[in-house]
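J.: Generate the whole structure from the sequences, applying the supplied hints.
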Amino acid sequence: MKRNKLILAAVAVLALIVIMAGIYFATRPETAAGGKTITVKVVHADETEKVFTYQTDAEYLGEVLVNEGLVKGEDGQYGLYITEVDGEAAVYEEDGAYWALYEGDDYANQSADQTPIADGASFSLVYTIG
Amino acid sequence: MMGLPNIEPVSLLVMLFAVVFGKKAVYPIYLYVVLEFAFYGLNLWSVNYLYIWLILAAAAWLLRGMTHPLGWALLSGVFGLLFGALCAPVYLVTGGPAFALSWWISGIPYDLLHCAGNFFLALVLFQPLRKLMTRLYQNMITR
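Here the protein sequences line up with chains R and Z, keeping their order. Quick note on my numbering: the first sequence kicks off at 29 and runs consecutively. Quick note on my numbering: the second sequence kicks off at 195 and runs consecutively.
Part of the chain Z face toward chain R, derived, beta carbon under 7 Å:
#1 H262
#2 L264
#3 L268
Dumping the calculated DSSO-like pairs for lysine-lysine here, alpha-carbon to alpha-carbon at most 27 Å:
#4 R:K100 - R:K78
#5 R:K100 - R:K64
#6 Z:K325 - R:K33
#7 R:K30 - Z:K325
#8 R:K100 - R:K69
#9 Z:K218 - Z:K325
Label pairs and their in silico Cβ distance ranges:
#10 R:T55 - Z:T261: 38 to 44 Å
#11 Z:Y245 - R:E91: 41 to 47 Å
#12 Z:L307 - R:G107: 38 to 44 Å
#13 Z:P283 - R:E102: 51 to 57 Å
Hint data in this document are derived by calculation from the structure and do not stem from the laboratory. Quick reminder that beta carbons are idealized off the backbone N, C-alpha and C, glycines included.
T.: Dropping the structure here:
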């Protein structure tokens with residue numbers, strides 16, 4: 029192959045590389061801190077409320093709550109048993125207190141680490157006695 | 195070369211088979227394809243493999259008079275660069291134009307890697323291996 033044709037071919041390949049790289053970077057979706065946004069409302073024993081907003085790619089609520097340091101808990105028979113939320117502990121053995129989990133307005137039928145999360149979902153952790 | 199996505203010596207070998215064996219290159223090429231099917235099972239990519247290596251072999255055969263290593267490196271590199279585009283027709287049929295286009299675009303980083311790997315492998319190895327294989331093949335057929 030003549031030298032000029034070779035150089036032309038090399039330049040054409042380089043141009044193609046640049047074009048393809050440009051297409052890729054121009055069309056790839058923007059990254060976000062997390063793919064889903066959820067809110068968690070905490071209602072303390074004194075009925076004060078705090079709302080926490082998280083961005084996450086996690087599939088289940090328990091992972092988010094633990095990783096964000098909002099809750100502490102133990103692995104129980106039915107999954108994560110939350111014992112402390114936002115620094116306040118609920119000790120069932122003392123006064124029957126526990127942290128009730130709500131999905132929206134509905135009482136959750138499963139533990140936090142078995143609760144799937146979707147973008148825009150809201151949850152509540154309510155200090156409850158009895 | 196597992197663990198290095200799209201870094202493969204197959205392109206180099208296909209080009210060598212084409213320039214050394216001519217039409218008989220289809221035998222080792224499709225033996226490779228059958229072995230791939232046997233090891234990894236059949237999937238959509240299997241359809242790609244039925245035609246894609248033939249494209250490179252045909253291009254190499256047409257350019258068999260080329261002697262400059264850079265020329266062969268560019269051919270192999272371009273094949274790697276266009277690998278995704280050459281595979282896309284299968285996904286065009288199965289998923290439609292939008293799916294095929296997004297599939298191709300999302301694979302561009304791998305195509306770029308493929309291009310670089312193919313380019314450097316061919317640049318270094320094509321000419322010496324061509325000389326060796328040509329000599330060996332000539333010795334074999336003249337016995």
